[in-house]
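Heads up: the protein sequence lines correspond to chains A and E, in order. Under the numbering used here, the first residue of the first sequence is numbered 67, with each subsequent residue one higher. Under the numbering used here, the first residue of the second sequence is numbered 93, with each subsequent residue one higher.
No wet-lab data here; the hints were simulated from the structure. Glycine included, C-beta positions come from ideal geometry on N, C-alpha and C. Mixed in with the good hints there might be a few duds.
Below, computed lysine-lysine pairings styled on DSS-like, alpha-carbon distance capped at 25 Å [what the hints assert, rightly or not]:
hint, chain 1, residue 1, chain 2, residue 2
1, A, Lys348, A, Lys188
2, A, Lys348, E, Lys204
3, A, Lys188, A, Lys438
4, E, Lys205, A, Lys348
5, A, Lys167, A, Lys307
6, A, Lys307, A, Lys438
Taking CB as the label site, the calculated pair distances span [said to hold, decoys possible]:
hint, chain 1, residue 1, chain 2, residue 2, range
7, E, Lys204, A, Leu200, 49 to 59 Å
8, E, Met95, A, Glu111, 21 to 31 Å
9, A, Val102, E, Arg94, 32 to 42 Å
10, A, Asp356, E, Pro169, 22 to 32 Å
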Amino acid sequence: MVKDRNYRHSIQIDRDKCIGCSHCMRVCSTQAIRIVEGFASISPERCVDCGECYRVCPQRAIYAKDDGLASVHDNACRIALVPSVFIGQFPSEYSATQVLKAVKAVGFDEVFEVEQAVDFMKEAYRAMEQKDHLRPLISSYCPAVVRLIQVQYPSLTHHIMLLKAPHDIAALYLRLAKEKEGLDSGKIFIYYVTPCAAKIVAARAPVGESVSPIDGTINMTEMYNRASRILWGEKNPGLHKTTANMSPDSVNWSLSGTEKHYFTGRSLAIDGMENVIEFLEKLESGHIADIDFLEMRACDQGCAGGILCPGNRFLTVERLEQRQKKLQRLKERDHDRVDNPLMAYSETLHSLSGVEPVYPRDGLLLDDDMEKALVKLQRIKKLLTYFPGFDCGACGAPSCRSLAEDIVKGRASISHCVFVQRVMEKNYKLSPDQAFIVIEKIWGKDRLNKYNDSNANDA
Amino acid sequence: MRMSYNIEGGDFSAAGRASSEVKRTLKQFNISPLVLRRIAVALYEAEMNVVAHARNGAMQVDIQPHYISVVIEDEGPGIEDIARAMEEGFSTATDEVRQMGFGAGMGLPNIKKNSDRMMLTSTPGVGTRLELTVNF
């Protein structure tokens, strides 16, 4: 069986800040997080880089590792790929042209709005529809959803559309256009300003491609701070576009609900990790039939809700809707014409836009060997009868079930359960000192020193 | 490894719970995703048959290293003519059930298509027993 064992991730834990509080562990949709020796620890074969843990960390100890502005080369043609949601982070008095100019001033030779590649995506969807394929086809747009399917829904991987994302298409176009201008391809560096961690991983360790056309990723929050400083200093209103450089609704592609209109038949747009999971669960069980296309985004409101977007997602959505109207007016004024230079390369791009099939990952597997896996499952069932079943998390695992799985995989022991521990102490199977050591192995050294008996009088 | 689930007739809102549970368990094994999907579909259809036609039933699952064998038994009207029931498009589902999107007469043929071995026995007025095996 072909498996994808490429487990690189962007989501990281800063051990200087992490206090092992377990907020992240409780929200992880794939149960990828455990608390070990006082720190959160992420299991690479289960993590899908959705960033739900990042949202809830009270210590700001979780970060998305990107390449950063420091990685931008000096002696080269540096191009920043900016998604429309970045422009939507700024109040409407700043025009798109002005925001893009500010990004350029941060240190790039050129700036390109990713959504210009969406006009091509629409064509690619039409071509895709002609082909015979499994229904429903699941959009490959959101890399966190693609990875979630690989980890949790192995039987659905072949429903994923084998198409590159718009920012990859934009990068391919820019490379083609620059080479045509006579630039050495080795001197072109393309950086993507990313709204999320999943897209960082998609650029670093792509699924279905050997290398990504993106050379580096830059955290949107970092770019927001740098561009804001430049915009704040500007007294005069910025320039506006005079022609529509993409079809108006392309600007909303990264939000939830635009993509689905470009697939005929029954199409659904689903956003938010929990909603996506609920739907995939039903789809995999065969409860849902006759759907032709699924647009799925890990974040609520799509990329406007990306973990690295500093602004409010609902304001971002509204601003992009306003931009769509502006582009519509420009288009109408220009005799319904859209002047998108990328589309001149559409034929070449079609030949480059595909990706290799997507394969499942091993995240849920108990054992490669079926007989061993069955024995492990029996043990899990048995262990579950010993545990309280209310998922208190005191063992450093998100649920009793997860602890049982960890035990059969040799990653935890039964005494990690505080309820079992009490019984063991009562029956003299475990000394109080040993119990202390167990707790410290999970929650870190000196975690139990905060209280001593002399404090009792104060309380 | 054995597991067993109750299925309540007429509870359409809960329909699919047992088959989902089995599917979730199987995902922990090194089974081809295509086989997994076949099992999921066959069990869901079988579970739906109980929900749509019977008063109550049970699903008994036995997972072995090379195959899964499932028995779905119910107390209900039973099937008068099994040969006809196996025909695509044949259904005795009430209009009410059909309006909910079920009862297209594809259930049993679909179960057969997705399993490696299937045996259906029924006593009209008493109940139905469906046994199916899928090899890994």
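Okay, the hints, checked on the actual structure:
no.: 1; hint: A:Lys348 - A:Lys188; result: violated, 28 Å
no.: 2; hint: A:Lys348 - E:Lys204; result: holds, 21 Å
no.: 3; hint: A:Lys188 - A:Lys438; result: violated, 48 Å
no.: 4; hint: E:Lys205 - A:Lys348; result: holds, 20 Å
no.: 5; hint: A:Lys167 - A:Lys307; result: holds, 12 Å
no.: 6; hint: A:Lys307 - A:Lys438; result: violated, 64 Å
no.: 7; hint: E:Lys204 - A:Leu200: 49 to 59 Å; result: violated, 21 Å
no.: 8; hint: E:Met95 - A:Glu111: 21 to 31 Å; result: holds, 26 Å
no.: 9; hint: A:Val102 - E:Arg94: 32 to 42 Å; result: holds, 34 Å
no.: 10; hint: A:Asp356 - E:Pro169: 22 to 32 Å; result: holds, 28 Å
Hints 1, 3, 6 and 7 from the earlier list are contradicted by this structure; the remaining hints agree with it.
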